[in-house]
Amino acid sequence: MASKQGDKARAPNAGSPTEGEVKAYLKDHPDFLVRHSDLLLRLTVPSRSRGDNVVDLQEFMIERLKSEVEDLRGCAEHLITTTRNNMSTQARTHEAALAVLTAAGMAELAQVVADELPPLLDVDVVTLCFEVGDQPLPELAVSGIQRLPAGRIDLLLSQGHSVLRGNAVGDPEVFADGAGLVRSYALVRLDPGGRCPVGLLALGSRNERTFHHSQAIDLLTFLARIIENAVCRWVAA
0 MASKQGDKAR APNAGSPTEG EVKAYLKDHP DFLVRHSDLL LRLTVPSRSR GDNVVDLQEF
60 MIERLKSEVE DLRGCAEHLI TTTRNNMSTQ ARTHEAALAV LTAAGMAELA QVVADELPPL
120 LDVDVVTLCF EVGDQPLPEL AVSGIQRLPA GRIDLLLSQG HSVLRGNAVG DPEVFADGAG
180 LVRSYALVRL DPGGRCPVGL LALGSRNERT FHHSQAIDLL TFLARIIENA VCRWVAA
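Residues 0 to 236 in numbering that gives the first Met the number 0 are what the sequence shown spells out, letter by letter.
Treat the hints with care, as some may be off.
Okay, the calculated beta carbon distance ranges per label pair [as the list claims (entries may be wrong)]:
| no. | residue 1 | residue 2 | range |
| --- | --- | --- | --- |
| 1 | A215 | T101 | 20 to 30 Å |
| 2 | L78 | D153 | 34 to 44 Å |
| 3 | I216 | D27 | 52 to 62 Å |
| 4 | R63 | D176 | 56 to 66 Å |
It should be emphasised that the hints constitute simulated quantities derived from the structure, not laboratory data.
Glycine included, each C-beta is placed from N, C-alpha and C at the ideal position.
Turn these sequences into a full structure, and let the hints guide you.
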């Protein structure tokens with residue numbers, strides 16, 4: 000005799016609950032699908048034409064899919080915004096590098112760094128710092144270059160190549176009169192070689208989130224290398 004369809008329980012597979020057991024469990028746990036909503040995307044959903052006694056889950060699934068689409072759209076918009084910001088930062092860095100290359104001496108380089116780089120890089124203060132010994136090099140004794148005691152740069156950089164800090168206070172030894180503006184900063188080591196001592200490229204911003212420890216440093220390192228090569232022309236030879 001053919002088995003009846005509907006609410007009658009089918010013969011269970013080995014180890015599987017019967018339809019009646021599943022139905023009873025769902026009645027006793029009405030929030031089951033709320034707690035396991037991912038299962039709704041795997042269910043065969045009844046159509047609207049099967050009667051008023053059928054619970055229509057299509058609306059829930061459609062809303063779930065809409066939510067996923069919105070999440071994907073948000074991710075895409077974030078990626079586009081990030082890409083545009085990265086391209087803008089790259090373009091600004093290239094313009095700053097070209098400005099550095101126009102300098103014809105250390106005094107002019109210091110002026111370019113102090114006056115032209117802040118608006119190009121969208122920061123508030125940029126300085127050049129070099130360690131000085133008992134007899135500072137005359138090429139470094141120009142206005143706009145901060146002179147630091149020997150060993151100071153290793154302390155500032157914790158023996159590393161660069162440091163980025165958010166929600167921080169500017170050091171007057173590094174940022175001079177602009178230290179009061181600084182709420183986040185980036186420090187990158189300069190090592191021109193030859194006679195020139197080690198130095199720093201220091202960038203400070205009044206926005207405490209402009210620089211942070213997890214930020215990529217590639218473009219700032221590129222700019223530091225350009226400045227390093229410029230310094231070599233006038234000091235390190």
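Okay, the hints, checked on the actual structure:
no.	hint	verdict
1	A215 <-> T101: 20 to 30 Å	27 Å, holds
2	L78 <-> D153: 34 to 44 Å	39 Å, holds
3	I216 <-> D27: 52 to 62 Å	58 Å, holds
4	R63 <-> D176: 56 to 66 Å	58 Å, holds
No hint from the list above goes unmet by this structure.
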